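Asker: One-letter residues, chain by chain:
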Amino acid sequence: MKRVYVHEEWCLGCHLCEYNCAFANSGLSDMVKALKNQKITPRIHVEEGGKIHYAVSCRHCEDPMCIKGCISGAMTKDKDGTVTINHDKCVGCLSCMLLCPYGCITTDENETVLKCELCLKNSCGAPACVQGCPNRAIVYEEAEV
Amino acid sequence: MMKYVIIGNGPAAVSCIDGIRSVDKNSSINVISKEAHPAYFRPLISYYLEGKSKAENIYCRDEDFYEKNGCETVIGEATALDQDNKTVTLKSGDSIVYDKLCICTGSSPFVPPMKGLETVENQYTFLTIDDSFAIEKAITKDSRVLIIGAGLIGLKCAEGLRDRVQSVTVCDLAPRVLSSILDDECAAIVQKHLEDCGISFSLSDTAERFEGNLAFMKNGGAIPFDVLVPALGVRPNIGFFKEAGGECGRAIVVDNAMQTSIENVYAAGDCVEQYDISFGEKRIMALLPNANIGGYTAGVNMAGGETSFDNAVPMNSIGFWGLHMMTAGTYANDGGARMIEEKGENFVKRFFIKDNKLIGFIIIGDVKSAGIYTNLVRNQTDLSELDFDSLIKNPNLLPFSEKNRRKTLGGVV
Amino acid sequence: MAINFLLPEFEVERSDYRCIRCRVCERQCANQVHRYDPDADVMLSDETKCVDCQRCVCLCPTHALKIKKNEAAFRTNANWKQNTILEIYKQANTGGVLLSSMGNPEPFPVYWDKILINASQVTNPSIDPLREPMETRVFLGKKPHEIERDENGAIKTELPPQIELELPVMFSAMSYGSISYNAHKSLATAAEALGICYNTGEGGLHEDFYRYGKNTIVQVASGRFGVYKDYLEAGAAIEIKMGQGAKPGIGGHLPGAKVGEDISKTRMIPEGSDAISPAPHHDIYSIEDLRQLVFSLKEATEYQKPVIVKVAAVHNIAAIASGIARSGADIIAIDGFRGGTGAAPTRIRDNVGIPIELALAAVDKRLRDEGIRQNVSLVVGGSVRSASDIVKAIALGADACYIATSALLALGCHLCRTCQSGKCNWGIATQDPELVKRLNPETGKERLVNLLTAWKHEIKEMMGLMGINSIEALRGNRLMLRGVGLNEKELEILGISHAGE
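Chains as they are written, first to last, in our numbering: chain A, 1 to 145; chain B, 1 to 413; chain C, 1 to 501.
Heads up, a few of these hints could be off.
[What the hints assert, rightly or not] Under the rule of at most 20 Å between Cα atoms (straight-line distance), these lysine to aspartate or glutamate pairs were calculated in the DMTMM-like manner: (1) Lys-407/B <-> Asp-63/A; (2) Lys-79/A <-> Glu-63/B; (3) Lys-51/A <-> Glu-490/C.
Hints listed in this document are in silico derivations from the structure and should not be mistaken for laboratory results.
Quantities reported herein were computed from a predicted structural model and do not represent experimental measurements.
If we strip away everything but chain A, and leave its shape as in the complex, we get (with noise of 0.2 Å):
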């Protein structure tokens, strides 16, 4: 299937990422009415040291642990293989999180459970964090694996 892959030589942590996701997801059609004065959710995050910087955002498992310990069936691999969240089924109890080996989910301040979806649910239609990195450190491509 087609992933986020993160080029960690590429990641300049300028955090474009961050913002690009949470302004795909906002719902809102302009990033100064999404983002502004708000404490950004994003579904990617990046991590830093030193001189390292790289995102981090679901892996799309092909076993997904984060699957296996859903209490509630809210999150499911759909037949592409992208892992999804139902949000009318999710409880909150954050199995998931304690699962992923990745740190790849996170909650917004009303504490729904978000993690990256590709994109596929909301206007964006692909990637918007692999659309708006500026050097190419993060593309959307068939699994190499």
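Since the structure of chain A is provided, determine the placement of chains B and C on it from the hints.
Answerer: Same frame as chain A, but now just chains B and C:
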């Protein structure tokens, strides 16, 4: 063609069906279900009461799951197992022949004898969705609920009911809440939070006898109530297996293939005990992820595939009104483990390290990205390979090798 | 701190409505212009550090930023212009030679812009490059005076070694050191994809880039950095650098701070040592000496590689070129006074040398007049900015053009002209690994290939409209050019008529 039989119909059972079907698409599968519901997520029963889960959303699989997978479901309860003739006898007297059997019977509430309990009209255990439905019928906005037991089930029940009744009181003989999980300090944080959220506690105290809607407490007081929920623990449903001569500890003993001591008989879910790599011994790990993985593993192996569940550890995440706590592995300070603690105003993190491996942790409050710790426990990662100190404060992938990240994040083989 | 008398050159204009405090500008500015103040929840700017590289402007996701010329002004004075005054302050502050980068920005005439191209109408047909074959391939090198054939009519003459280019463009010399590894990789991979050549400059050839050898011109300059047998044999041709348009007559200086492990290895000098290229080649004081070096290099490479001699366009360039054409060199490269550089003394960059258009016309005419034009190919550079500049250069007599500034622009350069600081925010003129990684060579290559693919289309279209289907037929075809607004002397040197004539 094989004849697969699964006793029980919870998450372990449906995962077992998935496991079987990943190998064998055609043979018949019989599911013996005690409850007249398709498999549902048991932890949701409190969320149902709370209103977070709708009754139609609690099921583990789509409506047509059994049909699509060619399963025949029988409502009934297994009472005997004949390993020589490979048959399971039901309470109804019917018997079912199997080639491969998987026991996913889960557990049942354990209510010890209490004086005058029979005089309580509205008393409900809390383990099934039918229990939730019954409690829902019994309560009104003015109900006073008394829960005996401040363990997970009792507290989740308290959470589920708070907004729907006048008062919820929880009593427990132990001096603290979640006594099997938390020590005094952590328990105090949780208790305070729950009290702030409107739950009353009567700890180091329990109901000794009942007279109708009045519980007489050990310490001399009396608590009036309208609905009583005894939540004192569960016992695995293993009677028929034990009688058939199967090896049991506190539950059915299985190996990493989820096979029991009886040939062609497998087991998974809350009714088994298996090797906990963090603990170094077999024990019950009655938690959903293990039921799912165990059930699937059993299914694959039953159908002739080969897979093993060889990194089982207990893993649990619960929250009460915004206060989350997570545990994994072995997080008691015994057996020579070294504890590292990280504390802040609103959180406690404790890590237990033995032989340079993280064998378990407990986190209250700051649970962000805790899965990174869980992974260390499950993989028994050698901590000398990474900067664990920096992980304690901030769980991230930085302390892992660049090569590792290139593989996981960059898709580079 | 004493008053330094300087004004910030630029102003950071930030729309507070648009700014979402994402702090991308802060993270991306190597000059540390932007800063977030958490107490006031506001982004602040230290404009004295701004070089107008536009990195923040390009990355700001809400387009909240503008970098503008600071309007604060000294009293107007046509003689003592603000910049003149500021330069005096700077020198009074430091006592140093003023340094600048990239090409001469002063308002000297750009002759390309005063030359117009002819088109076919009625009496001869134009050619549609989309329908008919159109040849842009060129071969650079010495061409034989005449062709000898044997009794069967087969050609006996041996052709001296040539550089084959799919279009008459090469990336001119930029050393690894003056530009980054990733910039070099972008140029090398693009040259390979385009079927042209790039040039190592004086910095030697990084071991990773030997694989692009057939698209590489290796340079031998006065410092002789990184020169050894394998290096000479690695390329498609060898270039002896005598001079550079941006700073004719002086050498170069790569500060020791930029000589890290990789550069030290590539240049074959100790890590941390200054890499100083002397002003002259210490073994060349005459055409005869040059001839010795040309043939030494040919000898070393068994006469398999054409040798280029690169000189800056200076006053008596025609005579110099005539000498070079007799030195055994196969190609003469002439670099005009608007050519770029990673660092040059400002006074030299802005006041030394002559325009490439005039130099080219003068050299081509001189070599023709002397009957030695076929001894050499002519490559010109020093601000070739577009496909039309190339077409005009070819028509004035060039065989090919060298481009560098255009290539860097394609890679993201915004001509802030502060390469000498080593803090290039675009990852081009820097060796800081944090900045170098900003140029993903995959993107770099793509952009260079895009640029030259577009130029190739444009060159073909312009050839087609002149009714010419081969670049060879355009070379020296000055009838295709007319001048506008040029005086008689200029027209005479350029060898073209005025528009309307």
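Asker: All the hints need checking, so say for each whether the structure fits it.
Answerer: Results for each hint:
no.	hint	verdict
1	Lys-407/B <-> Asp-63/A	holds, 16 Å
2	Lys-79/A <-> Glu-63/B	holds, 18 Å
3	Lys-51/A <-> Glu-490/C	violated, 55 Å
The structure does not agree with numbered hint 3 stated previously, though it agrees with all others.
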